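Novice: Spelled out, the chains give:
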Amino acid sequence: MASSQLLALSGVSKEFPGVKALNNVSFDLNEGEVHAIVGENGAGKSTLMKILSGIYKKDSGEIIYRGKSVSIPNPFEAQKLGISIIHQELNLMPHLSVAENIFIGREDRFPGGVFLNNKKLVQAAVDLLKELELNLNPNDIVGELTIAKQQMVEIAKAVSYRGSVIIMDEPTSSLTPAETDALFKIIRTLKAAGKGVVYISHRLEELEKITDRITVLRDGEYVKTLNTSDTDIPEVISLMVGRKVAQDQRPENRTIGSDIVLSVENLSDRHLLRDISFELRKGEILGFAGLMGAGRTELARAIMGADPKTEGRIILHGNEVKIKQPSDAVAAGIGYLSEDRKRFGLLLGQDITFNVILSSIPRFSNKFGFLKVKSAAGIARESIAQLRVRTPSERQFLKNLSGGNQQKVVIAKWLTRDCDVLIFDEPTRGIDVGAKDEIYRLLTKLAEEGKSIIMISSELPEVLRLSDRIAVMCDGRLTGIIDNKDANQNVIMELATKFSEDFTTVN
Amino acid sequence: MSDVANKATKSEEAGKFKAFVKREIGRVTALASLVVIFTFFTIMRPVFASWANVSGGILMSTTVIGLMAIGVTFVIITGGIDLSVGTSMALVAVIVGKTVMAANLNVWSGILFGMVVGSLLGAINGILITVLKLPPFIATLATMKGAQGLALIISDLKPILFTTDVKGWDSIAQGNIIPNLPNAVLILLVAAVIASIILNKTVLGRYTFAIGSNTEATKLSGVKVNRWLIAVYALCGFFVGLAAVVMTSRLGSAQPDLGLGYELEAIAAVIIGGTSLLGGKGTISGTIIGALIMSVLINGLRILELQQEWQYVVVGAVILLAVYGDNVRRRRAGETTN
Chain A
1 MASSQLLALS GVSKEFPGVK ALNNVSFDLN EGEVHAIVGE NGAGKSTLMK ILSGIYKKDS
61 GEIIYRGKSV SIPNPFEAQK LGISIIHQEL NLMPHLSVAE NIFIGREDRF PGGVFLNNKK
121 LVQAAVDLLK ELELNLNPND IVGELTIAKQ QMVEIAKAVS YRGSVIIMDE PTSSLTPAET
181 DALFKIIRTL KAAGKGVVYI SHRLEELEKI TDRITVLRDG EYVKTLNTSD TDIPEVISLM
241 VGRKVAQDQR PENRTIGSDI VLSVENLSDR HLLRDISFEL RKGEILGFAG LMGAGRTELA
301 RAIMGADPKT EGRIILHGNE VKIKQPSDAV AAGIGYLSED RKRFGLLLGQ DITFNVILSS
361 IPRFSNKFGF LKVKSAAGIA RESIAQLRVR TPSERQFLKN LSGGNQQKVV IAKWLTRDCD
421 VLIFDEPTRG IDVGAKDEIY RLLTKLAEEG KSIIMISSEL PEVLRLSDRI AVMCDGRLTG
481 IIDNKDANQN VIMELATKFS EDFTTVN
Chain P
1 MSDVANKATK SEEAGKFKAF VKREIGRVTA LASLVVIFTF FTIMRPVFAS WANVSGGILM
61 STTVIGLMAI GVTFVIITGG IDLSVGTSMA LVAVIVGKTV MAANLNVWSG ILFGMVVGSL
121 LGAINGILIT VLKLPPFIAT LATMKGAQGL ALIISDLKPI LFTTDVKGWD SIAQGNIIPN
181 LPNAVLILLV AAVIASIILN KTVLGRYTFA IGSNTEATKL SGVKVNRWLI AVYALCGFFV
241 GLAAVVMTSR LGSAQPDLGL GYELEAIAAV IIGGTSLLGG KGTISGTIIG ALIMSVLING
301 LRILELQQEW QYVVVGAVIL LAVYGDNVRR RRAGETTN
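If you read the protein sequences in the order shown, they are chains A and P.
With full-length UniProt numbering, the residue at position 34 of the first sequence is 34, and numbering never jumps.
With full-length UniProt numbering, the residue at position 5 of the second sequence is 5, and numbering never jumps.
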């Protein structure tokens, strides 16, 4: 590569109390290059990015920026050097406008420095958005935009610093394929302008499309840097996890009984869902596929009573159950594992024991309302062993566990509640490749033990790998249920885009 | 053809109007409620709408709470709270009273001194919250008690009278630069306009919203959040200082035990005016409307000769209604954007 080096890290280490987050890691970035950093959760990607953007301080090692050794003590300094970052969690001010967000901290002012020059601010935003070909109105309030558009605001903000290094941490996690393509176009523009992009993503198929080199980290250690053109996804995965993972597996042909555990009849809601009926059998994994906005999460929430339904019956073990609120569903034995574990699934500041018994407190308290501490700790230890949660003890706080282990604790919570029906919404979102595998095995094992599982997933390989049958939704309707053996990605996509006559014009 | 074009622009205008109403519905409902309440009392007792009652009764009694509420609006928009404004006002009043009497200050230096002392007290809150990282509720609860005690200690439990030596101190609030309009009301109006400009046109205002909207993101964007937060609390103190000056002028004395409880009325005015307790959202005009609603209510109920105990109950109900209405509105808005 003839282009010159922008940034180089050598021998960078960082230790947190009890954890070696980074150990002697090296990395370099050239002008006009997109360099990916991949690794499982806990591999040290985020720590590395936070060191580069001035949020953490490194313990040892050197950062060389344009040939000079630099220190980056705070985010302000990183920006001054020309390093900007797009955070994984959107870091925007929802009440402010697009323009105000982009230029926060660098507002145009009238002479004197007290009053804002809003006209100039908006004009600068208009110019920038035009340059990036982003279809955003600078005066729109950010909180009223879709997540994807908010992501675009983040990108515009990062570019507006006119730095030479842009770090993108999971920029596509909330984007549709079309929006992802738009982002890639922007990245190519940045590349052409000689900027360096550090690209972090769990979506490995993206790496082939956009990156020049890939650096793999594992457990805080540097593993290898590959030229994208000389490698393929299986190799990257095997470097990440230290072993080969098969990509397109299918479930073993299990025989599933004919006992119908749950049937949903003619369910509709006020906004989206229309006339949905399906049955779930004992020991079955029923996958739900569909595009974003097809209504899968809405369906799960309607079944759980989290959102009102206008019509429809829910029949459990042959008897109709009235579900008006989530506690009714839980009492009937239906557990819902939200796609957003941190918001809807867990108490991050509490320990494993507390989280495991959270839905079953009456069972773990005596008649005076005191908690049975010993039996609670006992069930927590049992769950840890059964689900193989990696933790020093049952008293560990949830926020100190990795995503995969957090997910296992949520599962343990519902198993402790003794739910027959478990609804998993994106069970592996934000979970790294190795831990995904483990969650897959766990789901299969639960089904084999007689639990009935509804699994909503946007990753088709995941749906194909786990589901006995696959239900496909489009635009609030169920467009088909197919057996796994008849399914492939093409068949599913066809069903997922089967918009009904009267709605094709709208979409 | 022109008809069609006309229709198009009309519907476009209607759309803009709708968007405006949707955005401003908090203030629009508050203003509408104010008009409804005012009309109700006027019908019940026509004397209610007389200028004497409006200026001397309603507007005059809005001034002190209104000034404090302006300051508190900034704090609440950052997502914070200031419980100390009531007793801080008493403390500023006492300090100003002592100093003015002892040093024989003239009116203008007295006013300026009050605002400086108020700002300093506010800055102390800001420092406790940012440097010591205390939650605003706790920090200002502590300074609220501290200020209450200090006001009593400094005054030796006695009111400080502004004797006639200080020429014109009473006219700060009670004079009429504009005929028939008490100066205190004029001060409130001017303060509201200035505050509104600060909130909407200056860097400080922009960061007030930014911090309340997402503190972490603001920090990561390179904004020195702590410094700006201290400035916001100091600004709040500035208006508290102004309120103290107006208060002493109205009473002709500094009362060390007057002020406790005012903070809750100021906060209520801010909330009724549509400012979100969660931060990121709010207006000065809303706050003024909120303060007016409270004083119109109290004045009207008094004219209707409702017992004071029941006045409290009615004010409580109005606060509930205002916040509940805001919640309903927000849930609806959430539904349409989803």
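Treat each hint with caution, since some may be false.
Within a straight-line C-alpha distance of at most 27 Å, the following computed DSSO-like cross-link-like pairs (lysine-lysine) qualify [what the hints assert, rightly or not]:
1. 158(P) x 342(A)
2. 399(A) x 372(A)
3. 50(A) x 342(A)
4. 80(A) x 98(P)
5. 324(A) x 372(A)
6. 50(A) x 201(P)
7. 98(P) x 145(P)
8. 224(A) x 57(A)
9. 158(P) x 120(A)
10. 158(P) x 119(A)
11. 130(A) x 149(A)
12. 57(A) x 80(A)
13. 50(A) x 149(A)
14. 158(P) x 224(P)
15. 209(A) x 367(A)
16. 145(P) x 399(A)
17. 120(A) x 130(A)
18. 50(A) x 185(A)
19. 342(A) x 324(A)
20. 133(P) x 57(A)
21. 50(A) x 282(A)
22. 158(P) x 133(P)
23. 120(A) x 149(A)
24. 57(A) x 201(P)
25. 219(P) x 57(A)
26. 98(P) x 119(A)
27. 50(A) x 224(P)
28. 50(A) x 145(P)
29. 98(P) x 130(A)
30. 120(A) x 133(P)
31. 98(P) x 399(A)
32. 158(P) x 149(A)
33. 120(A) x 219(P)
34. 342(A) x 98(P)
35. 80(A) x 158(P)
Just so you know, these hints were derived from the structure itself, not from any lab.
As the structure is a computational prediction, the values presented were derived from the model and not from experiment.
Novice: Next step is simple, just say for each hint if it's right about the structure.
Specialist: A quick look at each hint next to the structure:
no., hint, in the structure
1, 158(P) x 342(A), "violated (56 Å)"
2, 399(A) x 372(A), "holds (24 Å)"
3, 50(A) x 342(A), "holds (21 Å)"
4, 80(A) x 98(P), "violated (50 Å)"
5, 324(A) x 372(A), "violated (31 Å)"
6, 50(A) x 201(P), "violated (34 Å)"
7, 98(P) x 145(P), "holds (21 Å)"
8, 224(A) x 57(A), "holds (24 Å)"
9, 158(P) x 120(A), "violated (56 Å)"
10, 158(P) x 119(A), "violated (54 Å)"
11, 130(A) x 149(A), "holds (15 Å)"
12, 57(A) x 80(A), "holds (17 Å)"
13, 50(A) x 149(A), "holds (24 Å)"
14, 158(P) x 224(P), "violated (43 Å)"
15, 209(A) x 367(A), "violated (61 Å)"
16, 145(P) x 399(A), "violated (37 Å)"
17, 120(A) x 130(A), "holds (15 Å)"
18, 50(A) x 185(A), "holds (26 Å)"
19, 342(A) x 324(A), "holds (24 Å)"
20, 133(P) x 57(A), "holds (21 Å)"
21, 50(A) x 282(A), "violated (46 Å)"
22, 158(P) x 133(P), "violated (36 Å)"
23, 120(A) x 149(A), "holds (23 Å)"
24, 57(A) x 201(P), "violated (37 Å)"
25, 219(P) x 57(A), "holds (17 Å)"
26, 98(P) x 119(A), "violated (48 Å)"
27, 50(A) x 224(P), "holds (19 Å)"
28, 50(A) x 145(P), "violated (42 Å)"
29, 98(P) x 130(A), "violated (62 Å)"
30, 120(A) x 133(P), "violated (36 Å)"
31, 98(P) x 399(A), "violated (54 Å)"
32, 158(P) x 149(A), "violated (62 Å)"
33, 120(A) x 219(P), "holds (23 Å)"
34, 342(A) x 98(P), "violated (56 Å)"
35, 80(A) x 158(P), "violated (57 Å)"
Of the hints listed earlier, those the structure fails to meet are numbers 1, 4, 5, 6, 9, 10, 14, 15, 16, 21, 22, 24, 26, 28, 29, 30, 31, 32, 34 and 35, in rising order.
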